[in-house]
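These are the residues of each chain, in order.
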Amino acid sequence: MNLSLISLEICVVALGMALLLADLWLPPGRKRLLGYAAAAGLGLLLVANLGGFGVFGSTGTAFGGMFVQDGLAIFFKRFFLLAAILVLLMAIEFSDRISAGIAEYYSLIVFALAGMLFAASANDFALLFVSLELITVTFYVLTSFQRARLVSLEAGVKYLVIGALSTAFTVFGIALVYGISGRLNFGELAGVAGQFGDNKIFLFGLLLVLTGLGFKIVAFPFQIWAPDVYQGAPTPTAAFLAIGSKAAGFVLLLRVLFTAVPDITAQWTNLLIVFSAVTILYGNLCAIPQRNVKRLLGYSSVAHAGYLLLGVAAMSTAGQDRSAGGSAMLFYLSGYLFTVLAAFTVITLVMRHLESEDISGLAGLNQRSPLLAATMTLAMVSLAGIPPLAGFFGKFLLLKALIEQGAANPGCYCLAFTAVAGIVISLYYYFGVIRAIYWSPGPAAAPPIAVSRPIRISIYVCIAGMFYLGLFPGVMVTVTTEAVKALNR
Amino acid sequence: MTALTYIFVLPLLAAVALAFVPRAYSVVMRGVAVGVTFVMMLLAILVFIRFNGAEADASGFKFVTTIPGLGASSLGIVCKLGVDGINVGLVLMGAIVAFAAACCSREIRDREKEFYILLLVMTGGILGAFASLNLFFFYFLHELALVPTFLMIGVWGRGERKNYATFQITLYLSIGALVALVGLIALYLQSGAQTFDIPELTERLRENPLSAGAQRFIFPLLLFGFGILVSLWPFHTWAPMGYASAPTPAAMLHAGVLKKFGLYGLIRIALPLMPGAAQRWMPILAWLCLGNLVYCGWVAMRQKDFNWLIGYSSVAHMGFVFLGIATLTLVGVTGAVVVMVAHGFLAALTFGLSGYLYEQTGTLEMSELGGLLRKLPFIGAALVMAAFAGCGVPGFANFAGEVTVFFGAWNVFRPVTVLACWGALMIGAVYMLRAVRTMLHGELPEKWANVTDAPHLWRKAPFILLLAALMLFGCFPRLLTDKISPSAGVIVQMANPVLEGNLRAEAAPAPPKSALAQGGGEAVQ
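Protein sequence lines correspond, in order, to chains A and B.
Note that this note's numbering numbers the first sequence so that position 93 is 93, with each residue one more than the last.
Note that this note's numbering numbers the second sequence so that position 309 is 309, with each residue one more than the last.
Worth flagging that the hints you see were computed from the coordinates, not collected in a lab.
Check the hints yourself; a few may be wrong.
To give an idea of the interface, some chain B residues facing chain A are shown, with a C-beta separation under 7 Å as derived from the structure [as the list claims (entries may be wrong)]:
1) Thr-170
2) Leu-178
3) Ala-186
Computed list of chain B residues with no C-beta within reach of chain A, every gap over 12 Å [what the hints assert, rightly or not]:
4) His-142
5) Lys-162
6) Leu-184
7) Arg-280
8) Lys-304
9) Thr-361
10) Met-426
11) Ala-468
12) Leu-479
Here are some chain B residues pointing at chain A (derived, C-beta under 7 Å) [what the hints assert, rightly or not]:
13) Leu-70
14) Ala-72
15) Ser-73
16) Gly-76
17) Phe-140
18) Glu-143
19) Ser-174
20) Ile-175
21) Ile-185
22) Leu-189
Since the structure is predicted, the reported quantities are computational estimates derived from the model, not experimental observations.
Just so you know, even glycine gets a beta-carbon here, dropped at the ideal spot from N, CA and C.
Here chain B stands alone, though its shape is the one from the complex (with noise of 0.2 Å):
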């Protein structure tokens, strides 16, 4: 029993609870809500603070513990959960999350009752995921918070292609899911540990590697299933839909929290397990990391509707993590991850304050609003920083994630970070600033002369406490780098075998790639 066991059994049980209160007691459900989110929350902050201090197993996590009686011990099918400096600051940052989900709900005024029911169980499943040290457990966890995310689009999510976004999303999420499951369940079985416990499965395949030919096979259904969870262009087309029909939880939740369980996947299977498939393969993803940077971006320039823009703006950003994983060096990984807690953080606090925007008005199309930021100085001021932070402005969180990236990825792949550099900053620039003029600044129309802003601080509360987790770890991302790197470093130094044999011979187009993850590991270090 650690922290860990309540933050991802609380809001499961919280969620069981719920469905015996009678539904005419909505503020029961949604005190409930709120309150476990926000224990939740706490409890993430207080591992995140003891992390340094807490005792590590010998495979190097902390705060390990398992959950009695779920699963099928026989089968190696065991609730683990544990956390090292990779998924430290990923719990965190959905703990937070969550607790912005659930306090930026009051948008959802009927079917309360399962509208938080579901809102728990998601929450629940998807800190699971992040801390489940299983690899049955890991894909379970995700799953049971996807479904949800099914529901409330479909139930009370908004526009009039509701339907079609619901069924778009439901069934390309679930291919790209159900492809990461066959390469996770022949991952199980050429291994050949009879575990699915992640920390031994990794301290068999670093003794015995997979033969080539299996990691040829394997590792693409893991980089194209996890991709499609990712929106890896150019599995992307769900993604902007899908949040724009979203209702404000779930869009938050969602591109904040649950999109970065298939870059968690990549880091923590796919690279260390299968390097010699991963050599191969990065250059390929580089490429395509591209395709979000800038395709995404531009795309999202032409974007009439925010909600649009931002869904489009959330799928761009996911190029970052891309770029830093396919580098293959301490620097980029460690980037990566940081990216991925800041995008977190930024993706849920520009759907939360759209969703603000759209129960004001009522509709998000940009060529109608103007002006708001009269009406609205607290909203409108916490979206011009939400802006910046989309820019990589130096000072949140997203820039250090982003220029720890191009550090990583200068030596490797330099003309796509040249590349992405240009497009992602200058394009970013361009669609968040022209938003945010057409949105806050200029006339306001006669039509929101009746919008007010936040009223109180309980309207305020996730907004201030989301920008404040970017500008903190903005200000200091030694708090998230110092956890991270030395978990990315173990990462690393398995996806780049210098060692003997077959699959080196088998890399050897891209030999001087491990020299350059070394010489950018000591730099940092």
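Excised from the complex, chain A in its bound form (with noise of 0.2 Å):
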């Protein structure tokens, strides 16, 4: 057994442990300071991992091969602390809204954390079960942190059951696939699945995970909690669901599909152009006549799981040698993070009084405060995939790994003007969010927003990150190439 390898994750969870401690002994007026503790020790912790300090640049695995340390994991953990560090932030800005708890509602942001982590790093059933656990039901609990608020228990009701019902499939397949292979262990499952490729209640199973898997990215059929719960959930979860949970979900589905059953997700080719087409086209569609600006992001975050699976799809057409694909969607979630990050921080600071989060709360923003004006048109076009912002060059790694596939599966081709279709429509949405902003008829004399440091520096590293991903992304690339190599078994 090899504990050093956790060592992060046994960071994180002491982190959690003190943070609910220190709100023992700790006056009410300052608890909202804890945020700024806990941002801190989490900042340190990926200072210490992007420099390999000490345990923490070692590599292997642990437990008997149930957990993994490997360029992909370290690529996703570093990934996670940062959105944490971000969200931790914002909920500070909505502590106000929070009537009570406010040091336990940033203690279960860590420990959702420390789920992510966990995931980032499984290699088994067992492992990829607990970890999606540890995240669902500290998500449960965030989403409904507004008790006095109605939309918000609705959402946590909605995430409760619906979560539930996935967790159900989720562990129904774990059961299926390991009756018939006897194996839970990635690795070993890999090179048993082969023969299993005609049983048919192994293949059934293995569906089930990914139904499961399903609800965690928000992919067409599976996604028809999303909007709800985004728009319901307090923004800071909102902003985490976006990003922390669904790219979790995503790594997963990554070691599931090319670690555990390489030769049958070759097969699953088509599902996967399927599954990626419709989630673009859903998403996109659903979002054109929404107001509620959250509930927007929600249906553009349905939006964004189907271009994700683009490159999923591209992998499994792939064969032996996914960097591409995988590259692609690992630069493509980097971009994601800052992008929707800032929306939700601006969501936050100007929407946090307002009764409901109509596009009309941000009409007269350019005079309230031009710095989110800024910020929220930047990332609208970042999601939208226009130049010089990362969402653009994700969306051209994207495109080029599919078409690259169009040789070996005419389908590719197919998906990638469905998904070019989808760009189109996205810009309807997205610049509409810009018309709201810029030249619609506001509220007379709105106060000006202020903005404070802590909350202006996050805002300043998205926008740093969104160019700095969309003009030099040749280390992002390195990067994300090196990541996934751990893919290319």
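Can you join these two chains into the complex? Each is in its own frame, and there are hints to help.
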């Protein structure tokens, strides 16, 4: 057993505990500031991880192969840490909307982060299930944290019911797979999965596992909860759902598809193509009539799951060398991190005192705070995939990876055109948000919006990230290509 | 580091710098924008003058430079800039129009900070796109220039249907751009060159042409993707409404400069890299261009609003360029490039003048205007000259380009040429001269008694500059053609494969064309 490999997870869980303990002794007025402590703690961990100091740099497997620390895991761990830091800063701004238990809110975010970190390293169906549950259960609470707000409770209940359903699917699927093959470990399963390629029960079990993961990544037809939950949940929770939970779903999906059952995945290309195409179209088309910004981002999150699935489809067609599709996917996720968190930060700041998050609440934002207006515009432009921001380069890489596979499977061409159609549709509603900001008639004398220093820094980080990935993508492409080498087996 | 580096980087850096200037200092914003575009213009003139003497690299490009850091070199994405005869004129035109547009930006009174930032981004983007020798940045920088257009129309646009126009132009142009993007990615992947470098790609495809199947699949993507961006009939409907709603500087830059990107893409990428498919599609393009020349000219005749009229007229003028490209002859392509440069100046001039009129009168409804020449001697005279240039009167650069296109097209598409000559020149003269008569001559309605002419040199400068450029290249077209024709020759040679093999057989239906192309080429040389 190699405990040092999970030192990051241990530190994060310890941080969460420490937050809970500090909650006992701190006077109520200062609890809000605990968030800064949590963000700083995670920041230190991120720096240590990036620097590869001491135990953080080592790779290998632990717990009998259940836990793997490879390039992919390390990439996603840094990703989750950064996301959690930005979400925590957002939560501090949001804290005046949460009537009680703000320290618990912070610590739950940290615990959800721990679940994501474990998910990044899961190499076994048991750990997959445990980490998924750790994420989902904390999110049940995070979603319904505004106890006085009916929509928040409604969102919490919806998430609970559908989340429980998806858990049931997952666990049932795992049971079937285990029952047929007798293996839980992905590496071992890969050795024997080929011989179960025509075993209906085995395939059915796998499909059920994919269903469970489909809930996490918000892919059609498992997306039904997303718009409601995004709309009702406290904004920082929605942000963390949009980026953290989705990315955790994707890393698990990658591991299951390409580490555990690569042979079967190669036969499922058409399924993945259809999956992706329908998700893109559904998300984009349903986003058009939305008037609530968070709901709109909920549908846009569905569409983005579809774009990310383009990479998965390309990988499944690619055979042995999956680095093009994989690195495109990871690149896209990284860009999405900065973009979506920028958007949710602006929503947090602008709309925390409004009753509903209608798009019209953004009207006149340009006068109230040019910085926030510019940030939201950049975020929308990046989500739409227009140069020079991260979203464009991500989509470019995804389309390139996909068209590369067109010779092997002509379905890829069709998927590429579907994606292009989706992008065009999405321009309509993203520009609708920009229109509201800049040229819709706004309230006559809305007060300027104060932006505190920490949140200003986090906004600058997001903007810098969007521009950096869009203009100087070279470094990130190298990093992501290295990271997906773990899947090229 | 060459002058091109500065032409590309200066406006973008200035845009970033302006983001940190407090918004109260609107004079600074305007000063920086005008100053930077002025410097760019001087640099572009310098590049143009020194072009003949400059050293060319192996593939015939001059002033080649790379901007370090941008892009991902592991994927062959490097920001490499350079000019040959085809784009040197476009860069010059773009820089001059950018300066003129910055000078005409006085009409913007609110949110000047955002406006000038967007203007500079647009300028840097489009000039970078013209100078780019990398397929990725070629596309990337054009898109970078498009976003500001949308925002400018949305925020500072005019008219009741501004919202509709903004969304129409956004979606329409994005469809075009994305279709072209798919084509470009497919082209990159099919070439197997593992690089986005245009000279390298060209070199590679010269030796191993794409399979006929791949060409058949990719070429239409590029043709119609780029075609939408240039308002190829029947994909032109975004243009008149978009320009009518746009603020003057945005209309000047978009109609003058940005729109030429699609044509440039066809000449630089589509023709030489996919000759087999080009041979097949060009006759179709030649007939489509009649839609631009005749149909859109016709529609222009019926317009009541002057901005709509020049919007349609700018769509119509694109027909000449398409016709020139479709000939695939040296003369035709050279003429097409001359028209591109000339029309850039002309479109900027007409939109600038109509913007001035709108600023003075608050309407461009032609029936309400009249007799304005009495009050506006300078602007009116400039407008008359612009109208003459638009109908193709000798002495202006448009004439030089159009007549060259017709010379090129005569042997290849005789019926189309006849129709185009008649249609374009007659119809163009009718609507332009009629507009001049209604707006400038006749009785002066009383309500326009207080309109004032451009008060000082500073307001006149952009128009003088554009007119001077039109007349300079009109009287001395060899300044352009001597630079263009060697580079166009290379492209025409690649687009007419005299060679062996399957492609030739594929393109069998039009055998005499390459012979004609060479005949035309000799005639010019």
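Do the hints match the structure? See the list:
Satisfaction of the interface hint for Thr-170/B is found here, the shortest Cβ-Cβ separation to chain A being roughly 6 Å, below the 7 Å cut-off. With its C-beta approaching chain A no nearer than about 5 Å, Leu-178/B sits inside the 7 Å limit, and its interface hint holds. Annotation: Ala-186/B was flagged as interfacial toward chain A, and the flag holds, the nearest CB pair being 5 Å apart, inside 7 Å. With a least CB separation of 9 Å from chain A, His-142/B falls inside the 12 Å interface cut-off, contrary to its annotation.
The claim that Lys-162/B is not at the interface with chain A is violated, since a C-beta of that chain comes within 12 Å of its own (minimum 8 Å). Listed as outside the interface, Leu-184/B is inconsistent with that label: its C-beta sits roughly 10 Å from the nearest C-beta of chain A, within the 12 Å cut-off. In this structure Arg-280/B is separated from chain A by more than 12 Å, as the shortest Cβ-Cβ distance comes to about 21 Å. Distance to chain A confirms Lys-304/B as a non-interface residue, since its nearest Cβ pair spans about 26 Å, more than 12 Å.
No beta-carbon of chain A comes within 12 Å of the beta-carbon of Thr-361/B; the shortest separation is about 24 Å. For Met-426/B, the condition that its CB be more than 12 Å from all CB atoms of chain A holds, with the nearest at approximately 38 Å. With a minimum CB-CB distance of about 34 Å to chain A, Ala-468/B clears the 12 Å threshold, and the non-interface call stands. Even its closest Cβ contact with chain A, about 34 Å, leaves Leu-479/B beyond 12 Å, as expected for a residue assigned away from the interface.
At its closest, the beta carbon of Leu-70/B sits 6 Å from a beta carbon of chain A; the interface hint therefore holds under the 7 Å criterion. Restraint check, Ala-72/B versus chain A: the minimum CB separation of about 4 Å is within 7 Å; hint holds. Look at Ser-73/B: its Cβ gets to within about 6 Å of chain A, closer than 7 Å, so that hint holds up. Look at Gly-76/B: its Cβ only gets to about 11 Å from chain A, farther than 7 Å, so that hint breaks.
A distance limit of 7 Å between C-beta atoms decides the matter here; for Phe-140/B the minimum to chain A is near 5 Å, and the interface restraint holds. Hint on Glu-143/B holds. Least Cβ distance to chain A is approximately 4 Å, under the 7 Å limit. Restraint check, Ser-174/B versus chain A: the minimum CB separation of about 5 Å is within 7 Å; hint holds. Interface restraint check: Ile-175/B against chain A, minimum CB-CB distance 5 Å, threshold 7 Å, status holds.
The interface hint given for Ile-185/B holds, since its Cβ lies 5 Å from the closest Cβ of chain A, which is under the 7 Å cut-off. Hint on Leu-189/B holds. Least Cβ distance to chain A is approximately 5 Å, under the 7 Å limit.
In this structure, the hints that do not hold are numbers 4, 5, 6 and 16, in rising order.
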